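*Asks:* Below are the chains, spelled out letter by letter.
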Amino acid sequence: MNVSIETLDHLSDRSLAGDSTAQNALFQALYVRFLPIAKRRVQRDHAEDLVQDTLKIVFDRYGQRNQGHGILVWGLTVLRNVIGNHYQAKQREKERLDFVDDYPAAAAEPANVLEAQDLAETREALLTAITELADRFPRCGYIFRALLTSLEAGGSANQISTRALEVVQKQQPGLTRGSFYTALHRCRGHLRRLLDQAEKGAHHV
Amino acid sequence: MSDRHATDVRRDCDLLAAYEMGLLSADQQSRFEHHLPDCPDCLDELYALAPATLEMTANPHPYAQAAKQALNSRRTRRPSPLSRLAALLQLRGPARLLVPVAVAAIVALAIVWPFSGGPSDVQRLANLDAIPYAQIQLRTGAPDATQVLFEDGMLSYQEQDYAQAAKMLALAITTVGPVDPVDQPSNRPLDQAHLYLGVSLLLAQKPLAAIEPLQIAVKSPLRPVADRAAWTLAQAYLASDQPKSAQSTLAQLAQSPVYREKAQHLLELIDRILAD
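Residue numbers (our numbering), protein chains in the order written: chain R, 1 to 205; chain Y, 206 to 481.
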């Protein structure tokens, strides 16, 4: 299905205001984006259910999210937690079957998917990764520093973007906004690799 | 998929980081979101970093500070290797100018040659300094896709990721097709791409691969491009142990105001080695 030309955030705002057409459109838009992700991570017959579970939670709680968080990225964290819980539940079931006499029949309730289950871990990993990024790729460090400082100052998307760009242009005169976004994206790739390496390292401890 | 559509899709993907951080205009945001159902890679990327993204956008201060501290730490670290080496040698005045030359030679040795085998005397002469990057655009006439790939390649070059730079610049060149062997200026929008591709390959320890693009760039009607290409081509020949080719290339720089003396000096060194 083709998404409306509206942004998902606009649809979300209208949906929250009671517009049922917008709500349906938002549901469909998120559905077609969540399902491929779920299918790549769980068995096909579970993917549909998990996405439906995720969307139920999204529409129950999206009015309570931090308004600076885009509906799509926020919804993806919900999806991650739903999938995470799915694997945890499978693991508990497996353990229960393995130790059927010892394992409590009533396993612990799945954690609230909206809780920051791994928030402390995320923060620590991100701090380490940002530090390493700036050390190993100083231009990326400069770009992220400019962007995060501008985010801290707040404002509209254009204000934040323009402020960050102006700072980066001091080092790279003539850098266009498009090139800035491309550079940011490449630096994001470095950041992601650092986070992935840290995660692999943590699992090997 | 048409060339323009491929360029548009690629450009949409490049907006991912800006989208995550909430920087895009409504039109750009809508366009990015619209391409997502057809782009599983972008969906996976958004999914992978969703928690980190929310954390950075909700709470940017500690991460801005972490970046700032890391950058400051780099700047205030021990004195540069050049300063330390100069101090060690107790060089003063003009003699200090020898230090960068010596270090460049040492760096060239460390970068170019594997430990086993050892470089020949000719290979040791190769100078592998990166050509400074200035903000340049491809000459008008290059297709949009080529321009985007070229910019991407030069971003990698700036970041000293020469292997990636070479990959993107080679892609930029292939989007245009073979260069007309007749040197018509209007048919040469990619001389700069060939030059930086050659430099990138050389700095990525692939001197043999660097030769062909540099041979093309050498024919540029733009003097600075041609001279830089000739100088770098000579280094590629030296690094791949082809002193005769290096000599004939260096001879072309006899009229270059920038490279004349360096080329002459290098020719003398090569002559000396070949005479031994």
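Keep in mind the hints are simulated off the structure, nothing from the lab.
Just so we're clear, the structure is a prediction, and the values are computed from it rather than from any experiment.
Treat each hint with caution, since some may be false.
Residues on chain Y that point at chain R, a partial pick, calculated with CB under 8 angstroms [to be verified]:
no.	residue
1	LEU221
2	GLU238
3	PRO242
4	ALA257
5	LEU276
6	ALA375
7	ALA414
8	GLU417
9	PRO462
Listed below are the simulated BS3-like cross-link pairs for lysine-lysine, each with C-alpha atoms no more than 30 angstroms apart in a straight line [as the list claims (entries may be wrong)]:
no.	chain 1	residue 1	chain 2	residue 2
10	Y	LYS411	R	LYS170
11	R	LYS200	R	LYS90
12	R	LYS94	R	LYS170
13	R	LYS200	Y	LYS372
14	R	LYS170	Y	LYS273
15	R	LYS200	R	LYS39
16	Y	LYS273	R	LYS200
17	R	LYS39	R	LYS94
For each residue, glycine too, the CB sits at the ideal point set by N, CA and C.
*Asks:* Are the hints correct? Go through all of them and say.
*Replies:* Hints versus structure:
With 8 angstroms as the threshold, the beta carbon of LEU221 of chain Y comes within range of chain R, its nearest partner Cβ sitting at about 6 angstroms, so the hint holds. With its C-beta approaching chain R no nearer than about 5 angstroms, GLU238 of chain Y sits inside the 8 angstroms limit, and its interface hint holds. Here the hint on PRO242 of chain Y is kept, as its CB sits about 5 angstroms from the closest CB of chain R, short of 8 angstroms. Evaluation of the ALA257 of chain Y hint against chain R yields a held restraint, the C-beta minimum of about 5 angstroms falling below 8 angstroms.
Contact between LEU276 of chain Y and chain R, as hinted, is supported at the beta carbon level, the nearest pair being about 5 angstroms apart and thus within 8 angstroms. The interface hint given for ALA375 of chain Y is broken, as the beta carbon of that residue sits about 17 angstroms from the closest beta carbon of chain R, more than 8 angstroms. With a least beta-carbon distance of about 23 angstroms to chain R, the hint placing ALA414 of chain Y at the interface is violated under the 8 angstroms criterion. Hint status for GLU417 of chain Y: violated, given a least beta-carbon distance of 27 angstroms to chain R, over 8 angstroms.
Interface restraint check: PRO462 of chain Y against chain R, minimum CB-CB distance 25 angstroms, threshold 8 angstroms, status violated. Proximity of LYS411 of chain Y to LYS170 of chain R is assessed by CA-CA distance (about 34 angstroms); at most 30 angstroms being required, the pair is judged violated. With a C-alpha separation of about 22 angstroms, the suggested pairing of LYS200 of chain R with LYS90 of chain R holds against the 30 angstroms cut-off. With a C-alpha separation of about 57 angstroms, the suggested pair LYS94 of chain R and LYS170 of chain R falls outside the 30 angstroms cut-off, and the hint is violated.
Between LYS200 of chain R and LYS372 of chain Y the CA atoms are separated by roughly 28 angstroms; this keeps the pair inside 30 angstroms, and the hint holds. At roughly 16 angstroms between alpha-carbon atoms, LYS170 of chain R and LYS273 of chain Y fall within 30 angstroms of each other, so this suggested pair holds. Using a Cα cut-off of 30 angstroms, the hinted pair LYS200 of chain R and LYS39 of chain R holds, with the two alpha carbons roughly 23 angstroms apart. Restraint check for LYS273 of chain Y and LYS200 of chain R: the C-alpha separation of about 26 angstroms stays at or below 30 angstroms, so the hint holds.
Pair hint LYS39 of chain R plus LYS94 of chain R holds up; C-alpha atoms about 22 angstroms apart against a cutoff of 30 angstroms.
Hint violations for this structure: numbers 6, 7, 8, 9, 10, 12, all remaining hints satisfied.
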